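Starting from the given sequences, assemble the full structure and let the hints guide the process.
First to last, the sequence lines map onto chains A and B. So the first sequence is residues 1 to 545, counted in UniProt numbering. So the second sequence is residues 1 to 315, counted in UniProt numbering.
It is worth saying that the hints were derived from the structure and are not from the lab. Please read all numbers here as calculations on a predicted model, not as lab measurements. Be aware that a few hints might be false.
In silico contact screen, one side only, chain A against chain B (beta carbon under 10 Å); selected entries [as the list claims (entries may be wrong)]: (1) Tyr120; (2) Gly122; (3) Glu192; (4) Pro193; (5) Arg195; (6) Leu196; (7) Ile234; (8) Val241; (9) Thr410.
Pair ranges (Cβ atoms, derived) [said to hold, decoys possible]: (10) A:Gly209 with B:Leu98: 43 to 51 Å; (11) A:Glu407 with B:Tyr6: 57 to 65 Å; (12) A:Glu404 with B:Leu157: 31 to 39 Å; (13) B:Ser53 with A:Pro452: 12 to 20 Å; (14) B:Arg55 with A:Glu73: 26 to 34 Å; (15) A:Gly210 with B:Trp149: 47 to 55 Å; (16) B:Leu98 with A:Glu98: 20 to 28 Å; (17) B:Thr243 with A:Gly316: 50 to 58 Å; (18) B:Trp149 with A:Arg289: 39 to 47 Å; (19) A:Glu404 with B:Thr243: 38 to 46 Å.
Covered by chain A, according to a simulated footprint, are these stretches of chain B (three or more residues, beta-carbon under 8 Å) [said to hold, decoys possible]: (20) 51-61; (21) 159-166; (22) 271-283.
The beta-carbon is built from N, C-alpha and C at its ideal position, and this holds for glycine as well.
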Amino acid sequence: MPPVTTSRRQLLRWVGATGAVGLAGCAGGDDGSELVATLGADVSTYDPTQANDTTSRKAFDLVYEPLVAVDFEGSVHPVLATDLDQRDDRTWRVSLREGVTFHDGSDCTAADVKASFERYAGTPRESDVFLWYDDATIRDDHTLDVTLSRPYAPFQLTLGGVPIVPEAAATDALDLSTGPVGTGPYAFDTHEPDRLYRLVRADDHWFAGGSGNGSDADDVPAEPPIETITFRIIVEQASQVAALQGGDIDLANNPPADAVADLRDDDAITVSEHLAGGFEMLVFPLASRPFSNRDVREGVSRLIPREAIIDSVYGGIGRPAYAPISPLLDDYTSESFLAEMGDEYMRYDPERAAELLDAGFAALDISPPYETTIVTNETGDRVRWAQLVRDELNATDFFDVSIEQFEWSTYVGRVLSGDSHRSDAMMALGWSGGWDPDTYLRPLFYSEQATPSCCNAAHYASDEVDRLLDEALTTYDTAERRDRYEQAQRRVVEEAPVGFVRFGTRIEAYRTDAVEGFRTYPLDSGEFTSIYAPTMGAYTTTGGG
Amino acid sequence: MSLRRYVLRRTLLTLPILVGVSALTFALVKLLPGTPVDYVLQFQEATPELRASLRAQYHLDEPVWKQYLLWLNDVLHLDFGERIASDRSVSAAIAERLPETLVLGGISFLIALFVGVPAGVVAAVRRGSLLDEGSRVVALLGIATPNFWLGLLLILLFGVHLNLVPVIPPVAPVFAPESLVFLVLPAVTLGTASAALFTRLTRSAVTEQLRQEYVRAARARGLDERTVIRKHVLRNSLISVVTVAAVQVAFLLDGAVVVERVFSWPGLGRLLVRAILQRDFPVVQAIVLLVATAVVVANLLADVLYAWLDPRITY
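Right, here's the structure in full:
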């Protein structure tokens with residue numbers, strides 16, 4: 001059925017709704033400077049020290065700026081810092097850009113940077129900074145020395161995740177909970193809970209146009225071409241897709257996998273995708289029999305039908321995972337390494353699985369079938385892959401598996417509680433990592449990160465892995481780090497505390513006639529980066545082409 | 001007993017019900033896994049001091065009965081406390097969403113009533129005809145169709161393919177014309193099941209009345225059929241419809257949770273779901289109490305209306 005393009009405008013005009021035509025009729029259409037995008041949940045906080053949800057982080061990503069930013073390929077670019085100079089193993093001198101002002105008009109100085117770091121103390125995101133921060137000495141208004149508590153390899157990448165806020169926010173003279181105040185290209189405008197969150201172009205953004213520092217682009221405009229960004233809060237994914245197809249929004253963030261094929265077929269819509277930094281996995285409760293046995297774990301892992309999962313659940317999007325570090329980080333992993341791990345320990349192989357399970361059950365003196373569950377939250381894709389794994393396990397004589405679903409926060413509570421590794425249930429989980437390899441290993445496999453401290457739900461503990469991860473974290477040499485991470489990954493894969501399932505893909509879909517120049521950022525919460533990131537040579541316009 | 005005394009007595013009787021509901025809600029919310037402190041900390045590690053201070057802030061260090069009394073005392077002063085998920089007060093958050101849900105529910109209710117009752121009357125008067133059978137099938141479908149599915153179907157048809165209405169709410173006040181236009185689809189979605197129920201109920205009530213002696217007598221007196229139906233049958237049939245209409249108020253509030261999600265309508269239903277997921281106890285308690293109060297008051301009104309409609313009822 002061909003879409004009737006003018007009737008909505010007519011209808012709205014008929015009811016005298018002149019004000020709504022700009023937004024509801026053709027988002028971003030009339031003055032060419034509004035972008036309407038979506039958020040799948042409401043923004044819960046504007047304060048970076050409180051934000052544990054990706055939605056909040058993506059909502060204030062364009063408002064705050066960090067000292068440096070990480071581009072689409074993982075390279076570091078200066079933003080508020082013009083220079084990071086390593087003085088010794090634990091000291092870095094930061095030179096700040098001059099003439100930068102916050103949206104409240106105050107100057108951005110070294111005191112703001114120091115205060116921004118220190119206000120993390122005692123907050124939910126304390127570890128963002130205090131994992132490495134020891135002290136900062138202010139040299140002058142635009143220079144400071146940051147002292148680290150230990151040599152810390154991901155220092156520069158980590159700085160990219162620490163937004164700089166006015167010093168007044170640390171002294172409670174400024175309340176960030178009523179509205180974010182940063183130095184970014186966009187300033188906060190309004191937030192109507194469950195309805196919309198709106199940013200407007202900031203007047204005094206420091207970028208003067210031309211070439212982005214360190215980037216190839218030489219034509220980045222001095223101010224963002226898009227004047228207003230409206231994020232519509234649409235919880236229901238199907239409604240999000242409908243809103244995009246109906247022209248109510250310009251850009252849908254992370255549409256559901258089963259809608260992507262349809263969106264690709266739609267001429268009016270462009271689907272942009274990029275390998276993402278994250279994976280799906282099946283976590284084994286190591287303290288519970290039969291999962292205490294390595295052969296059983298590898299046996300189950302060998303029964304995860306990764307290719308079939310990607311084809312039937314994810315519509316062919318994504319790739320099988322055989323080790324934790326995302327192929328996105330090509331300095332630290334490789335195709336050949338992943339293939340080797342697959343062949344040796346993980347790849348789907350029912351025959352090998354039967355041998356392993358036979359040996360494992362015999363060693364534990366357990367007579368099959370063993371009755372157990374896979375627990376998961378209600379994410380449709382995740383439930384479906386868990387069901388495929390269940391079917392594979394039940395097709396053997398060894399298991400009688402059922403699926404148990406929980407609502408997300410209940411599930412998180414259950415999985416991250418201190419004794420989830422003692423239950424007999426396998427846990428279907430997703431993990432989002434960052435630009436540094438440490439983010440894919442430490443939270444999940446370092447012994448001190450065992451739940452409830454963090455996210456090592458298997459309660460995997462290996463002195464060797466702990467040592468390798470610590471060495472890698474405090475080594476600045478990339479080749480040496482790669483070597484440590486390869487050893488650590490090999491050890492983890494061999495001992496199989498989890499079965500890796502799939503590396504994900506970040507997907508953005510937008511209306512071709514309304515959006516131009518948009519690029520997908522591979523990491524969660526950075527999705528809207530390319531709207532205006534002059535130091536990376538990225539900017540987006542409305543109007544399309 | 002006079003009507004006034006009856007109303008007074010019924011009103012007083014609702015108080016223990018409300019207290020019971022509030023206590024039950026309070027207890028059930030406590031049974032939810034996870035505490036607000038966990039939510040605030042996102043299940044991350046925290047010093048015992050920080051945990052203790054957060055617990056004290058939300059009175060979680062008091063025994064449950066004392067927490068309940070503290071809360072009840074505040075509620076009696078119309079203070080629903082502070083939200084856990086933000087710094088705002090619960091009352092402000094609810095006041096902001098209430099008009100949205102009331103307008104959606106109100107339009108749905110009107111649709112249900114003005115479609116359902118006439119359809120039921122026609123079906124009863126033409127009992128056994130194709131029209132009657134047709135209304136039966138439509139009503140059955142209406143009752144059986146999940147809101148969620150119907151909503152998406154309407155969005156795809158009218159929002160995407162025909163492109164007649166926006167899929168997401170316009171940025172405008174709730175009473176603005178474009179908002180009311182937008183609300184047609186959600187209201188139809190929400191009102192369908194109620195309309196179907198009204199149809200079936202009116203049909204059986206009218207059928208029942210049509211068999212009564214007084215109808216035969218009226219017809220024998222030479223009154224035309226239209227007058228018989230309107231003046232006599234309808235009034236008597238409405239008694240049972242009114243009772244069910246009150247229960248439908250609860251039904252609509254319940255359905256709003258799903259419909260508001262599908263249509264991205266920022267009403268109480270959305271607020272409630274999010275509050276539950278966030279373990280934002282004060283919001284959950286306040287909304288449940290509000291809904292309970294609405295249902296109890298609706299039932300009270302139904303009883304009073306019932307008495308007023310049928311003077312034979314003694315009290």
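Q) Tell me, which hint numbers fail for this structure? A) Of the numbered hints, 1, 11, 14, 16 and 20 do not hold.
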